[in-house]
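Trainee: Protein chains in written order, with the working numbering: chain A, 1 to 361; chain B, 1001 to 1365; chain C, 2001 to 2307.
Keep in mind that the hints were calculated from the coordinates and are not lab data. Please note: incorrect hints may appear among the correct ones.
Derived, one-sided and incomplete: chain A residues facing chain B with beta-carbon distance under 7 angstroms [unchecked claim]:
1) MET178
2) PRO181
3) GLY275
4) SER278
5) GLU318
6) GLN321
7) LEU322
To be clear about the criterion: a stretch of chain A counts as covered by chain B if any three or more of its residues have a C-beta under 8 angstroms from a C-beta of chain B, and this derived list gives those stretches [said to hold, decoys possible]:
8) 58-66
9) 162-174
10) 323-335
Using N, Cα and C, we set each Cβ at its ideal position, and we do this for glycine too.
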Amino acid sequence: MIHLERRPQPSRLWTATTPLIAVVLTMIVGGTMFAALGTDPFEAIRTIFWDPLFNTQFAGFTRPQLLVKAGPLILIAIGLSIGFRAGIWNIGAEGQYIMGAICGAAAGLALYPSESPLIFPLMILAGGLGGWAWAAIPAVLKTRFGTNEILVSLMLVYVAENVLASVSSGLLRNPEGMGFPGSRNFKEWDAAHNAEIVAGTGMHWGVVFAFIAVIAAYVLLTRHIQGFNIRLTGEAPRAARFSGVNPARIIFLCLGISGALAGLAGLFEVTGPAGQISIDFNSGYGFTAIIVAFLGRLNPIGILLAGLLMALTYIGGELAQLMLGLPGASIQLFQGMLLFFLLATDVFTNYRVRFGRSEVA
Amino acid sequence: MKRRTLLASAALAATLGTAAFAQDPTKACFVYVGPIGDGGWTYQHHQGALAVKEEFGDAVEIAWQESVPEGADAERVMTQMALSGCDIIFTTSFGYMDATNAVAAKFPDIKFEHATGYKREHPNVSSYNARFYEGRAVVGHIAGSMTKTNKIGYLASFPIPEVVMGINAYYLHAQKVNPDVELVVTWVYTWFDPAKEADAARAMIDQGVDVITAHTDSTAPLAEAAKEGGAVIGFGQASDMAPFATNDDGTPGPRVTSIIDEWSPYYVKRVKAVIDGTWEQIDSWSGMPEGEVVMGEMTDVIPENVRQEAQGMIDAITGGTYHPFTGPINKADGSAWLADGEVASDGDLLSMDFYIEGIDAEIPN
Amino acid sequence: MDLSAINPVLLVASVMVSATPILLAAIGEMVVEKSGVLNLGVEGMMITGAVVGFAVAVNSTSPGLGFVAAALAGALLSLSFGFLTQYLLSNQVATGLGLTLVGLGLSSLIGKPYEGMKTATLPKLDIPVLSDLPVVGRMLFSHDIMVYLSLALVAAVWAFLKYTRAGLILRAVGESHDSAHALGYKVVRVRLLAILFGGACAGLGGAYLSLVRVPQWTEGITAGAGWIALAIVVFASWRAGRVAVGAYLFGGITVLQLNLQAAGAAVPVALLSASPYLITILVLVIISARGMHGAPASLGRPFHAST
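With these hints in hand, go ahead and build the complete structure from the sequences.
Mentor: See the structure below:
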C-alpha cells in the first residue's frame, strides 16, 4: 500500500528537483507523441527547449523575445497571486488587461501628436487606472452585495472584448487608416512608444515593471503587515477577522492590485510589442497568467521562473511548427502535458511517499 | 547566420561528390490567423500554399504557422521565419499589416506579401487582396430572384469596409431584380463561433428570412438553413462547402452556390517571380478575371433562367465588361455616390463606411 | 424597427436548443463543485466530447452512439484531472486550466480527418398529442431527445442532492471533507465519481454542439462555451434548478439580442452583443443582494487524510 505523509516543511531538495523531473517526463511522453506524429522526437524536443536559447541561427533574436513574451505573463500573474493567496478569485485578468490597454491608449491618443515627454507616463497611469477600475467592479459588487467575483470578473472579460471591438472600429480608430479597424500605431509615435530600453535586449518598460512587481510582491508578502493580512485571510479567514483585518479592504486591495498590474501589462503590450489597439490584439495573456501564477506556487520568485518557462514553450513551440511542420495543436497538447507533470510531481515537495501499511496515529 | 553558411558549405561539399547539383530550394512561408481546420479563411490560404508545393515540387519548400495572434506574436513569428531562411513570406490577415512592414524593414532581401491591407512601406512588401464583392453581387442576384418572403439576410462579422462592401454589393444586386426585397443584417462580432453563427442564422430564419449569406467562417449557417427542409437557401463562404449541396436523404441541400477564395494563382505567380528573380512590389486586387474569386457550382435548386442570368453576370465581370458598383447609386442618406454609368473607385470601395440607398439600418459605431 | 417580426414561439423554441450545451456542461460541473472540487477544465472536456461524439457518429452513422462515446471521452479526460487533484493533491485551478489546454490540443489532433464532413443528426421527437398542441407544441414539444434529457438530468440531480443518502454524503464531502472523513465516508472516492459525472456531462454538452446544434466538426467549435457553463454554476449559487434558469437566461438573451438586431431595433449593436454578460451580472447582483449564495465550504481545497 502506498500512501502519502505530509512533510512538516516543504522539502528544499524536491522543490528544486521536481520541475526538472517534470520536464524530463514531458520530454519522454511528448517525444512519444511527436514520434507518433512522424517527427523525430529528439529533434522536436531540442527545437522546443534548446533552440530558442542556444541555436546560433535563432537565439540572438529569440533569447530577448523570451523576456518580451514572459513580461506581461509575470506582471499579471504577480497581481493574481496576491489575490489567490487571500482566496479572492479574479479570473478576469484578460478583461482588465484589455481595459488597461484601451484607457492608456485613449489617454495618449487624445493628445496626439504631442511629443511631450509626459505622454508616456500619463498613459502608464491611465493604463493602470483602467485595469484597476475594471477590477474594482467585482470588488464593489462583492463587498456591497456579496456577489461572487469569479462570475463577475469572467463575464467582464467578454464585455471588455465587446468594448475593444467597438472602440477599435470607432472611437480609437486611426483616422488615417482608410476606414480599417485599429488605432494609430504607437511605434510610429515616439512620445508614446514603449521601445526597448537597450536595443536588442527585449527589455522594455513592461519587463522592467514585471521585475519591480516581483520584488515588490516578495517584500509585501514576507515583510509587510498587509501581506501578512492577505495570507491570513486566505489561510484562516475567521482568524483574520478576529485579529481585526477588514475583509472589504483586503478584497479591494487584492482585486485593485491585480487589476492595475493587468492593466499596466495591457498598456505596455499595446504601446510596445503589439503596437496598436486592434480587435484581436489581446491573445489570452490574462488566462495564461493564471497558469503561471499557480505553476509558480503563488510565490513571486516561482512566478518569475514559471513565466520564463511558459514563454520558452511558446517560442520553442513556434519554432517546432516552423522548422518541423508540427501542427499547432500538438504544441498545445505538449504544454498541457508539461503543466500536468509539473503539478503532479509537486506532490513530492509537500509529501513523503511511504510504502507499506499506514501507521495508526 | 554563421551556422547557416557553414551548413550550406557542408551541403555543397556533399553534393559536389555526386553528379547532380541540386539548387537550393526556394522557401515560401505562410502565417495563418486561424487553424488550418477552420474550413474557411485559413483553410483556403493553406490550399494555396499546397498548390505552390504541387506546382514547383522539389524546387520549393513550404512552411507555415497556424493560429498566430495578431500583434506582438505575429512580429516574432515573421522574424523567426525570416531567420529560418524563408525567401518569401505571406502574411494572411489584415491585422498583420504593421508587423509585416516592421519585419520587412529588417530583412530587405526577403519578400513579404500582406493580405488585405494597404501599407507598403518598403520595396520588399507587396499587398494583395481579392474582390470578394464580385461574388457577393452574384449571390445577391440569386437571393433577390429566389426569395419568396422578400427578406434576405446577411450574417456579418465586424463593421469593417470589407464587410460593408459585401453587404452593399449583395443588397444592390438583390434589389435590382426585386425592388421589394428587404435586407436584414445581423452582427455577431466574431469571425468564428459556430454556435453563435447558428443562433444568428436561426434568428433571421425565425423572422422570415429565406436566403442567408454569411461573412463568417464556419458552415454553421448552412447547417441551420438545412433544418428548414429546402425553404431556406444559403451560399458557401470562402470554401466551396459542397457537402451542403445535397442532404443526407438525397434531396437538394441549402448551398446553391458558393464564393470561393482561390489564392492559388496568386501564390504560384508570386513564388515563381521569386524563383525567377523577377519579383517586384505590387498592390494586387484581383477577382474573377484572374481566377481569384471563383463561384462554386450552381445547383438545380436555382431556376434555369436565374442560373443563366447569374452566369451572364459572372461572364461579364470576368470579361471586364461589368463592374458590380456601377452608377447610378445613392448612399443611404439619399446623397449621390455614383453618377449614371460611373464606376466606383478602388479607394472608395476599400474605405467604404456607408450603406447604399434602400438599406434601412445603421452601421455600428 | 419591426419588433412584430419576432415570433415568441419560435424564440423560445430556439432558446431551448441554444441553451442545451451549456446546461448539460453546467449541471455536471455543479455536481463536481458540490463535492468540493473546482474543475476549470470544462471547455477542454466539452470539446473532446464534441470531437469524439462526432467521429463516432460519423463512423457508426448513429448519433446516439456518438453521445455515449462523448460522455465516455469526457469522463476519461476528467479522470486525469481526478487522479492529479485527488491522489497527487495538485492545485485544482491550475490542473483544470491544464485540462483545457490538453482538451483543445487533443481534440484538434483527433478531429483532423473529420473536418468538413457531415453527420446524421438527432431527429426531432414527435410526441403524440403534445407536439400538435397550438403554440406550446411548437415551442416546447418539438425538440430532439437531448433537450428533454438535459432537463430530466437537472431534475434528477436536484432530487439526488435533496432526497438521497448518496446526495447527502456528496454535499457533506463538499462542505467539510474533514468531518465527512471522520464520519467514515470515502472523500476521495466520492469526489472522483463526481468528477467523472461532470466530465461525462461536459462531453454530452460538447457532443450536442457538434451533433445537433451546429452539426459539424471544426477546430475550436466550443468557442468558450465551457467558460460560460462555469459562470452559470456560480450564477446558480450551486442549485440545480437555478442552473437551468441560468442557462436558459443566458441562452435566451443571446438569442433575443440577435433577434432584436435582425428586427432592426435601435440599440447599439455593441451593447446588444455584450448584453448576455451584463444581464447575467445584473441578475446575479440582485440575487446576491438578497443574501442567498453559498459556495460549498471546501470548494477548491485539497483533501488529504492525515491519519
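Trainee: If a hint holds in the structure, say so; if it doesn't, say that too.
Mentor: Do the hints match the structure? See the list:
no.: 1; hint: MET178; in the structure: holds (4 angstroms)
no.: 2; hint: PRO181; in the structure: holds (5 angstroms)
no.: 3; hint: GLY275; in the structure: holds (5 angstroms)
no.: 4; hint: SER278; in the structure: holds (5 angstroms)
no.: 5; hint: GLU318; in the structure: holds (6 angstroms)
no.: 6; hint: GLN321; in the structure: holds (5 angstroms)
no.: 7; hint: LEU322; in the structure: holds (5 angstroms)
no.: 8; hint: 58-66; in the structure: holds (count 4)
no.: 9; hint: 162-174; in the structure: holds (count 6)
no.: 10; hint: 323-335; in the structure: holds (count 5)
In summary, this structure violates none of the numbered hints.
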